[in-house]
Each structure stands twice: as structure tokens, then as C-alpha cells.
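Q: Note that the protein sequences, when read in sequence, are chains L and B. Using this note's numbering, the letters of the first sequence map in sequence onto residues 1 to 114. Using this note's numbering, the letters of the second sequence map in sequence onto residues 1 to 114.
Rather than coming from a laboratory, the hints here were simulated on the basis of the structure. Quick caveat: nothing in here was measured; it's all calculated off a predicted structure. A couple of the hints might just be wrong.
Mimicking EDC-like on lysine to aspartate or glutamate, the simulated pairs with C-alpha atoms at most 20 Å apart in a straight line are [claimed, not checked]:
hint	chain 1	residue 1	chain 2	residue 2
1	B	57	L	95
2	B	13	B	62
3	L	49	B	102
4	B	53	B	72
5	B	55	B	72
6	B	53	B	28
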Amino acid sequence: AQSVTQLDSQVPVFEEAPVELRCNYSSSVSVYLFWYVQYPNQGLQLLLKYLSGSTLVESINGFEAEFNKSQTSFHLRKPSVHISDTAEYFCAVSEGGGANNLFFGTGTRLTVIP
Amino acid sequence: DVKVTQSSRYLVKRTGEKVFLECVQDMDHENMFWYRQDPGLGLRLIYFSYDVKMKEKGDIPEGYSVSREKKERFSLILESASTNQTSMYLCASAGPTEGTTEAFFGQGTRLTVV
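Only chain B is shown next, with the shape it has when bound in the complex (with noise of 0.2 Å):
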């Protein structure tokens, strides 16, 4: 069954904090992705992979950076939290880009920075 587990449910940070989301999936899957999700704001793209050791940025990058030295693990990074982030965050993963039909997801990360 294909799975996208990401380390941690629930988080509570402090503000200035180094804080790590780790995602892993086991589907072999090329292209890893990170969204942050608001109500009334729908799924927005922070980063995506493609390949290890790449990555892109999404629609609000800033404020956060990638890590891919894996294939099956993409690690968020935000350098210095701040209550602005306070966010679900949600990692999903899809098959080679030609062709890719879906994305598959974890179950979130509900991150609460104070």
C-alpha cells in the first residue's frame, strides 16, 4: 500500500526556533512536495523536488528551505520560526513527471509556533 509518512502530528515550537519536518514515502516516487494549508486559502506549494539534490520553489517559499539527500526523504526547514507559520503542513508525493496522474499524501503536520 503506498504511504507518505511524515515524523510528527502535532508540533509546538517557539518563535526563533530551528524547526525540521521530515517526510518519508516508499513508493520510489521521483517528485516530493511541501504545501501549507490554511483555511479559506486552500493547499498553497512551498517547495518541490523533482530529483535528489534538486528542488524548486512553490508559490511561498519564503521563509523555509528543502533538503533532498534521498530519494524517498524531503525534509522542511524553517531557519527561524515565526508565528506567521503557524500552519498545517502537508508533504505528498507523485511518480516521473510524464504521465504522473496523482499525488499521494501524508497525513499533515499541524505546526504551532509561539
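Chain L with its partners taken away, still in its complex shape (with noise of 0.2 Å):
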């Protein structure tokens, strides 16, 4: 089965900093992958998702990850965060494209410091 690795379980950083939070997965195969962001006492929310084609993705609030197979990594990164980016980030992905695949890492929290 596949697993998916986020090593980095809480990140704190200054606001107007950049941050990268990582993920990995174990397949080789073809593989959708995807990131949720979790806002406090809410559900998860999809923040963007790579399926096919260009490896850099975007989100419409300024995050992008890149889609790297040989590392089998999908690592998401923001420039300059804002301290409404404080959340839980969940990486996740789907082998066959359904979601009743999908596999999730243990989430990374973001704290974004004024």
C-alpha cells in the first residue's frame, strides 16, 4: 500500500518568511498527489492538486509545489507567508485517481509567528 511521509510535524516560521513543507511518497507508479489545508475547527479544504502535465502547480492564495517523481516528492512552498496561513497542511495521494485511494500523511502544522 502506499504511504506517505511528511516529515516535518510542526513548522513555525516568522511572517513575510518562506516556508517549504515536504512530503513523500512511496510509489513509483503513476500517482494523482494533493494538498488540504485543515483551518482551525474545520474540515479539510483542497489547496491544490497535481494530475497531469506541468509539475508546478499553484494555488489561487500564493502556495505552489512541485511534482518531483525521481524523489517521488510533492513538497509545497510559499515566498512570503501570512498569518493567515496558520493551519494544518495534509499531503495526500491517490494511485488510480479515485478517492477512495487516497492516502494521507500525518499533517504538518503551520504557525505562522507576527
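Fit chain to chain and form the complex, with the hints in mind.
A: Below, the structure written as C-alpha cells:
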């Protein structure tokens, strides 16, 4: 079965500093990749996804992630974080595209410090 | 706007009680899911359903059952609640398996078993 590793459980960062949240997955077969965000006391929302095509994908609020097949990674980055980015971020991988085989990482809690 | 609604945000139940967690989606999705979220463990799939009256076990089905009598509603049942079932429960739905690229989540139900 697929496994997803988020190496950092907590990442504190100062406001306006850059941030990278790391995600690695185990399978080398064709995969779909997702980042979900969970704001305090809310459910998960899709932040961005890679299905095919360009390996760099972007969200509407300035996050981006790059699919690296050789390193089986899908790291999430933002060049300048805002207080409102404080949340928990989950990386997820699907092998067949179907949500019934969506595997989640353990999450990274991003805390933006004023 | 896409919506997945969980009937309760917070629940407190006693050990041994039968507990029902309800989830309704308004997107006419075939697939519905119940996850459990615990600190440091990420999201773990309990059960999913790909059609009315159909269900499949996920990674941690022990102690749980589900019911899907109507397409829009998916219920999670704890037959006899125990303290180790204290957790955040998240419901999700997704479109047809072929080409499904995103799961939509409810707000979550935080269940405490005392």
C-alpha cells in the first residue's frame, strides 16, 4: 500500500518569511497528488493538486508545489507567509485517481509568528 | 456551492452507548467516506461507500459500522462506544471513481467518550 511521509509535524515561521512543507510518497507508479489545508475547527479543503502535465502547480493564495517523480516528492512552498496561513496541511496521494484509495500523511502544523 | 454537512460539531457520549454520526452531501456524489483524525496519525479511513447500500472497509473498521440507505446520506455507527474512540471524525464525498480528483470534506465531529 501507498505511504505518505510528512517529515515535519510542526513548522513555526515568521510572517513574510518563506516556507517549505515536505511530502514524500512511497509508490513509483502513476499517482495523483494533493495538498489539503485544515484551518482551526474546520474540515479539510483542497489547496492544490497535481494530475498530469506541468510539474509545478499553484493555488490561488500563493502556495505552489512541485511534483518530482525521481525523488517521489511533492513539497509545498510559499515565498512569503501571512498570519492567515496558520493551519494544518495534509499531503495526500491517490494511485488510481479514485478518492477511495486516497492516502494521507500525518499532517504538518504551520504556525506563522507575527 | 459544494456542501458536506455533519450533523454535530461536538458530541459527548458515555462508554457503552450506541452513537450515530450523520453526514449529508448535496452534490449527488456516488462515493462517501468516513475518516478518523488523531494527532500524529493523520487521517485514517474507517469505511467508504461507492453506492447506495454498498460499503467497503477501510483501514480501521473495527468497532464501527456504516449505513447508506440514500445516496446523499452516510451514517457512521459506534455500536458500543469506548474511550479509545474519542477522536475527530470527518466525512467526505467524491464524484464517480473514474476521473475523481477531489474529495470534499465536512466540518468534522469531535466525539468524546467518557
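Q: All hints, please: hold or fail.
A: These are the hints, each one checked on the structure:
{"no.": "1", "hint": "B:57 x L:95", "result": "18 Å, holds"}
{"no.": "2", "hint": "B:13 x B:62", "result": "19 Å, holds"}
{"no.": "3", "hint": "L:49 x B:102", "result": "9 Å, holds"}
{"no.": "4", "hint": "B:53 x B:72", "result": "12 Å, holds"}
{"no.": "5", "hint": "B:55 x B:72", "result": "14 Å, holds"}
{"no.": "6", "hint": "B:53 x B:28", "result": "15 Å, holds"}
Every hint from the earlier list agrees with this structure, and none is contradicted.
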